[in-house]
Amino acid sequence: MVRLEYIKKEYEKTRQMPGKWYLTSCRYKFNITRFQPFLSALKEKRLIGLKCRSCNTVSFPPKLVCGKCLTRPDQWVSLRETGIVATFTANYMKDETTGEANAFPVIAVRQDGADTTYLTQLNPKVKFEDVYVGMPVKIKWKDNTEGNLNDIDYYDCIDDPTQKMDSLTK
Amino acid sequence: MGDRQVAVVSAGFCEHASKRSDVNMAELVNEAVHNCLNNANCDIDAVDAIVAGNMPAFEGANLPELWMTDWLGARNKPLMRVTTGGSTGGSVAIAGYYNVAAGLPGIETVLTVAFEQQSCGNTSVGLSSVALGEISIVNALGLPAESAMRIFGAGAAIGIASYQAINYMNRSGCTEEDLARVVVQNRRNAAKNWWTHLKMPDYTIEQVMATPYISYPLRFGMVTPASDGACAMLYTTEEKAKDFADIPAYVNGVASVSHETAILGVGGAGAGQLDPCEQVGAVESAKLAYAQAGISFPEKEIDFAEVYSPFPNQELMWLERLGLFEENTAHLRYRDGTTAPNGELPVNCSGGVNSTNAIGASALERVAEAALQIMGKAGNQVPKTVHSAIGHGWGGCINLVTLTVLSDQPRRKWRAH
Amino acid sequence: MDKVGIVGYYQVQPSLNLNMGRYEMIFNTVRGALDSVGLKRKDVTSVVSATNDYYDGRTISNCFTVEAGGAYLKDESKVEMDGAYAVYYGLLRALSGHHKLVLVWGGSMPSCFPYSSSTLLSTDPTFERPLEIINDLTAGGLQMRAYMNKFDVPAEDIAQVAVKNHKNAAKNTSSLPESRMPDISTETVLNSDVLSSPVTELMYSQPCDAAACILLAPEQQALKIRDDPVWITGVGYSQETYYLGDRDLSRSQSMQDAAQMAFRMAGVKDAKKEIDVAELYEHFSHEELIFAEALGFCDPGQGPSLSTEISGGIPINPSGGGMSGNAPCATGIIRLIEAIKQITGEAKGYQVKDVQRAIASGQNGFCAQTNMLFVLEGGSK
Ligand SMILES: [Zn+2]
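Chains as they are written, first to last, in the working numbering: chain A, 1 to 170; chain B, 1 to 417; chain C, 1 to 381.
Worth flagging that the hints you see were computed from the coordinates, not collected in a lab. Treat the hints with care, since some could be wrong.
As the list claims (entries may be wrong) - Simulated crosslink set (DMTMM-like; lysine to aspartate or glutamate; CA at most 25 Å straight-line):
1) C:Lys167 <-> C:Asp193
2) B:Lys240 <-> C:Asp43
3) A:Lys45 <-> B:Glu146
4) A:Lys43 <-> B:Glu177
5) A:Lys142 <-> A:Asp130
6) A:Lys68 <-> B:Glu344
7) C:Lys269 <-> B:Glu278
8) A:Lys9 <-> B:Asp22
9) A:Lys127 <-> B:Asp22
10) A:Lys9 <-> B:Glu238
11) A:Lys68 <-> B:Glu146
12) B:Lys192 <-> A:Glu10
13) C:Lys269 <-> C:Glu219
14) A:Lys13 <-> C:Asp43
15) C:Lys171 <-> C:Asp43
16) A:Lys127 <-> B:Glu176
17) B:Lys300 <-> B:Glu108
18) A:Lys140 <-> A:Glu10
19) A:Lys68 <-> C:Asp276
20) A:Lys68 <-> C:Asp35
21) A:Lys8 <-> B:Asp202
22) A:Lys13 <-> B:Asp202
23) A:Lys13 <-> B:Glu27
24) A:Lys43 <-> A:Glu146
25) B:Lys384 <-> B:Asp246
26) C:Lys167 <-> C:Asp43
27) A:Lys127 <-> B:Glu284
28) C:Lys3 <-> B:Asp178
29) B:Lys19 <-> A:Glu5
30) B:Lys384 <-> B:Glu301
31) A:Lys45 <-> A:Asp143
32) C:Lys100 <-> B:Asp246
33) C:Lys42 <-> C:Asp193
34) B:Lys19 <-> A:Asp130
Stated by the list, open to error - Derived coverage of chain C by chain B (criterion: at least 3 residues anywhere in the stretch with Cβ under 8 Å from a Cβ of chain B; other residues may be distant):
35) 71-78
36) 87-98
37) 114-122
38) 185-196
39) 205-214
Virtual Cβ for every residue (Gly too), placed ideally from N, Cα, C.
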């Protein structure tokens with residue numbers, strides 16, 4: 001670790017008291033019945049989003065409220081299995097055996113046909129260096145779907161038609 | 001109605017450091033309050049009302065304004081606390097403005113105070129709990145808690161900044177050296193300002209680039225520290241302003257337009273910001289605040305900017321979104337020295353949030369430093385005369401933005417009533 | 001002060017365990033308020049909310065409520081106190097001339113967090129929190145004892161206030177169902193579980209899930225929206241010192257200061273004669289008496305002899321007050337809504353006759369450390 005020097009001043013110490021924010025005692029309520037069609041679709045390996053009738057914004061995963069119109073969207077629309085990487089970052093995880101910190105890409109996917117992003121994980125075999133904004137990805141389902149978000153195993157890269165075009169022009 | 005012109009007449013700080021172990025929260029706040037009142041040559045009796053603000057989750061103390069009543073000078077006085085995440089200080093500044101501008105009888109001089117003693121609490125708990133509600137939602141939808149925590153934890157704070165950095169570099173062609181250049185300028189400025197935290201007068205781009213990545217493309221040497229600190233600012237009416245200061249800084253425009261959350265929203269709200277460095281909220285805030293201040297050409301009319309940028313890429317992004325530089329050119333202005341203290345548009349001469357970050361106080365410090373530059377009393381005063389300046393702040397999942405426009409002249413009476 | 005009109009309001013039915021998520025509750029409240037006057041979201045220029053990071057169990061509790069709260073691309077802010085303080089901030093925004101329609105909402109869900117232990121977190125962290133003695137209940141007990149001792153008031157008199165409020169709550173359809181007790185007697189109150197002696201369970205405003213929203217508009221704009229807005233003509237607030245030992249708990253200095261400020265603004269000289277009804281946020285029954293004395297309805301210690309029934313000389317809390325359900329961050333707004341209902345004649349079943357001028361209050365802190373008071377007037381003057 002590189003140490004950075006800066007002008008420091010030492011202060012004397014005062015008494016310290018223990019204190020805690022008991023976050024674990026908080027519960028969060030969420031009415032899942034509204035999302036039931038979405039979850040049932042996942043079980044059938046289908047993707048659906050919620051469309052706001054007044055501004056045509058499609059949200060995936062479905063959103064309870066359309067902020068633009070302050071209405072409750074209620075129209076389910078089908079989405080394709082492909083999407084693009086809207087943005088991404090890395091998650092550094094320590095390898096248990098070697099103790100090395102490895103970068104795992106975490107991506108925000110915009111599903112084709114939807115207008116919002118979903119934070120999810122990329123195929124762990126894809127190297128972080130190879131990810132870029134605008135990269136096309138495709139959903140990889142779990143073999144046994146149960147009707148929840150966990151049915152999406154990860155997103156996998158697919159061939160990028162724009163890159164193919166770039167190579168042709170070269 | 002609404003014709004009352006508001007002026008900033010004084011600002012005060014306490015010394016910022018990573019651990020102000022010599023004082024508790026209340027005493028820390030009191031230092032800033034004292035400094036502010038001393039600078040205005042008045043005592044607490046001159047104050048009619050108080051606005052306070054911090055992010056209580058960072059210290060583990062709920063409603064801190066109640067037990068620090070006496071240290072804030074609020075005994076038997078009206079007090080209100082606003083809190084909006086990272087933009088808390090900016091919201092405090094705006095609430096202070098509205099308290100005076102509303103023209104309620106008996107409320108003319110208002111003290112605004114923002115503070116944070118991060119060494120009291122666990123900053124990472126504070127930050128990761130931003131998304132706890134969303135994590136619980138995806139958990140309810142079937143994603144195992146562990147992987148939800150991992151994926152969404154990456155989206156908090158530095159994660160969001162790295163998303164922004166990736167998108168910004170992608171669209172503007174700015175390099176990692178450019179980011180380092182921003183950091184170096186900030187840290188060197190901080191060395192000239194008495195209250196700042198990371199004073200590094202000899203910092204170089206090479207030193208920054210030698211530090212490891214924390215989250216690509218942000219390096220260890222680029223990120224903001226966690227500081228203990230407080231800031232106070234005194235507002236009053238145009239009529240009373242000259243009693244406190246020779247050159248008051250008039251508040252001519254305020255705005256805090258919020259956008260939907262980026263990245264983290266699930267179920268209830270958000271995640272409609274496809275590009276986290278687009279920042280529609282900041283663009284709209286700028287429009288609103290400049291319109292109130294009667295500024296049509298911000299790039300020409302603004303002389304000084306204090307923007308809230310814990311991470312260097314954000315400084316570049318905000319300067320563009322707030323209309324001070326053309327799209328995707330901010331990093332070029334850092335290369336040619338426009339933003340240096342002796343440049344055409346000095347930016348963050350206080351050292352910025354990149355050098356000192358007492359989260360709740362940071363955005364108020366931006367407004368306070370902008371005001372001090374106009375008043376000619378800043379710690380790192382720029383050589384040119386500052387006529388108009390802005391103080392900016394952001395918070396939440398890059399969705400809450402505050403902007404205050406200050407000037408040495410009262411607002412033009414352009415609004416028809 | 002220029003007048004500000006309240007043009008619309010809405011309140012979610014309080015419940016001990018509301019069957020909705022947080023965003024849904026907020027959305028219903030805000031949508032309901034806009035629908036109550038037929039306005040659209042685009043008419044709103046500013047949004048002020050009242051929530052609390054600790055009650056919501058997350059940092060930056062207004063971060064994800066932007067859309068549900070109607071604040072998408074609007075000038076937005078959050079006050080982390082009782083809802084009445086958010087209304088005050090909304091009022092400032094309406095008065096400043098920058099905003100035409102300000103939406104104020106507040107609310108939380110105590111069914112999702114332990115309310116009393118979260119109030120422990122608002123004690124002085126250096127001296128009081130490690131001892132874990134003071135929380136809102138014990139502070140209430142200390143205050144009630146101080147009041148009873150100072151003025152020789154028997155516990156029955158204070159129980160009588162709780163009886164009145166629970167009976168009033170029974171007539172109010174928007175009260176917490178569990179708080180409606182038409183057949184309650186002083187014995188029932190005194191014999192209910194002791195929370196912190198001498199405070200018993202039925203003298204304590206029970207935390208419940210709810211949210212409330214009101215719409216504020218400056219005078220000219222308000223008259224464009226409706227012919228009969230209720231006007232805010234006075235506002236006052238003040239904060240006392242924190243440590244209970246430094247205060248005279250048998251009286252409320254902050255309410256007295258707030259009343260002085262608000263009454264001066266509204267031109268009220270004799271509160272007892274000029275105020276027709278009062279909606280006070282009392283956390284404990286004895287606070288209603290202390291407030292009534294601080295407001296100048298009677299001399300100190302004479303609170304129990306006031307006639308505060310719905311048909312009485314000075315009706316206090318015809319809706320049931322804090323006893324009719326205490327939703328942290330929303331109660332102040334709900335008191336305001338109840339006062340509006342009294343002025344517009346919408347309080348079916350608990351309507352006070354001929355209300356021209358009403359007051360509503362909100363509070364925060366132990367033993368009502370800080371108080372906010374609004375003076376409301378009817379008539380399209
Ligand atoms: Zn819509």
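Right, here's what the structure says about each hint:
Distance check on the hinted pair: Lys167 of chain C and Asp193 of chain C sit about 19 Å apart at the alpha-carbon level, within 25 Å; holds. Between Lys240 of chain B and Asp43 of chain C, the direct Cα distance comes to roughly 36 Å. Violation of the 25 Å bound is thereby established for this hinted pair. Restraint check for Lys45 of chain A and Glu146 of chain B: satisfied, since their Cα atoms lie roughly 23 Å apart, inside the 25 Å limit. A distance of roughly 48 Å separates the Cα atoms of Lys43 of chain A and Glu177 of chain B; the hinted pair therefore is violated under the 25 Å criterion.
Restraint check: the Cα-Cα separation between Lys142 of chain A and Asp130 of chain A comes to about 24 Å, which is no more than 25 Å; the hinted pair holds. Simply put, Lys68 of chain A and Glu344 of chain B have alpha-carbon atoms about 39 Å apart, too far for the 25 Å limit, and the pair is violated. This hinted pair does not check out: Lys269 of chain C and Glu278 of chain B have alpha carbons roughly 55 Å apart, beyond 25 Å. Of the supplied pair hints, the one linking Lys9 of chain A and Asp22 of chain B holds, its CA atoms being roughly 12 Å apart against a limit of 25 Å.
Simply put, Lys127 of chain A and Asp22 of chain B have alpha-carbon atoms about 48 Å apart, too far for the 25 Å limit, and the pair is violated. Simply put, Lys9 of chain A and Glu238 of chain B have alpha-carbon atoms about 40 Å apart, too far for the 25 Å limit, and the pair is violated. Taking the CA atoms of Lys68 of chain A and Glu146 of chain B, the gap is near 33 Å; set against the 25 Å cutoff, the hint is violated. Restraint check for Lys192 of chain B and Glu10 of chain A: satisfied, since their Cα atoms lie roughly 19 Å apart, inside the 25 Å limit.
Distance hint between Lys269 of chain C and Glu219 of chain C is fulfilled; the C-alpha atoms sit about 24 Å from each other, no more than 25 Å. Distance check on the hinted pair: Lys13 of chain A and Asp43 of chain C sit about 54 Å apart at the alpha-carbon level, beyond 25 Å; violated. Proposed proximity of Lys171 of chain C and Asp43 of chain C is contradicted: the alpha carbons are some 35 Å apart, above 25 Å. Restraint check: the Cα-Cα separation between Lys127 of chain A and Glu176 of chain B comes to about 21 Å, which is no more than 25 Å; the hinted pair holds.
A threshold of 25 Å between alpha carbons decides the hint, and for Lys300 of chain B with Glu108 of chain B the separation of about 33 Å lies outside it, so the pair is violated. A distance of roughly 55 Å separates the Cα atoms of Lys140 of chain A and Glu10 of chain A; the hinted pair therefore is violated under the 25 Å criterion. Between Lys68 of chain A and Asp276 of chain C, the direct Cα distance comes to roughly 42 Å. Violation of the 25 Å bound is thereby established for this hinted pair. Annotation: proposed proximity of Lys68 of chain A to Asp35 of chain C holds, straight-line Cα distance about 16 Å (limit 25 Å).
Simply put, Lys8 of chain A and Asp202 of chain B have alpha-carbon atoms about 14 Å apart, close enough for the 25 Å limit, and the pair holds. Restraint check for Lys13 of chain A and Asp202 of chain B: the C-alpha separation of about 30 Å exceeds 25 Å, so the hint is violated. Of the pairs offered as hints, the one joining Lys13 of chain A and Glu27 of chain B holds, with about 14 Å between alpha carbons and a cut-off of 25 Å not exceeded. Our distance criterion of 25 Å between C-alpha atoms is met by Lys43 of chain A and Glu146 of chain A, whose separation comes to about 5 Å.
For the hint linking Lys384 of chain B to Asp246 of chain B, the alpha-carbon distance of about 18 Å falls within 25 Å, and the restraint holds. With a C-alpha separation of about 40 Å, the suggested pairing of Lys167 of chain C with Asp43 of chain C is violated against the 25 Å cut-off. As the CA atoms of Lys127 of chain A and Glu284 of chain B are separated by approximately 38 Å, the hinted pair breaks the 25 Å bound. Taking the CA atoms of Lys3 of chain C and Asp178 of chain B, the gap is about 53 Å. The hint is violated against a cut of 25 Å.
Of the supplied pair hints, the one linking Lys19 of chain B and Glu5 of chain A holds, its CA atoms being roughly 16 Å apart against a limit of 25 Å. Restraint check: the Cα-Cα separation between Lys384 of chain B and Glu301 of chain B comes to about 14 Å, which is no more than 25 Å; the hinted pair holds. Pair hint Lys45 of chain A plus Asp143 of chain A holds up; C-alpha atoms about 10 Å apart against a cutoff of 25 Å. Restraint check: the Cα-Cα separation between Lys100 of chain C and Asp246 of chain B comes to about 35 Å, which exceeds 25 Å; the hinted pair is violated.
Between Lys42 of chain C and Asp193 of chain C the CA atoms are separated by roughly 50 Å; this puts the pair beyond 25 Å, and the hint is violated. For the hint pairing Lys19 of chain B with Asp130 of chain A, the CA-to-CA distance comes to about 41 Å; that exceeds 25 Å, so the pair is violated. Beta-carbon proximity to chain B at under 8 Å applies to 8 residues in the region 71-78 of chain C; the threshold of 3 is reached and the given coverage holds. Check result for the region 87-98 of chain C against chain B: holds, 9 residues qualifying (beta carbon to beta carbon below 8 Å, three or more required).
Only when three residues or more bring their CB closer than 8 Å to a CB of chain B does the claim for the region 114-122 of chain C stand; here the count is 4, and the claim holds. Counting residues of the region 185-196 of chain C whose CB falls under 8 Å from any CB of chain B gives 0; the rule of at least 3 is not met. Note: the region 205-214 of chain C has 0 residues with beta-carbon separation from chain B under 8 Å; the three-residue rule is not met and the coverage is violated.
In terms of the numbered hints stated before, the structure departs from hints 2, 4, 6, 7, 9, 10, 11, 14, 15, 17, 18, 19, 22, 26, 27, 28, 32, 33, 34, 38 and 39, listed from lowest to highest.
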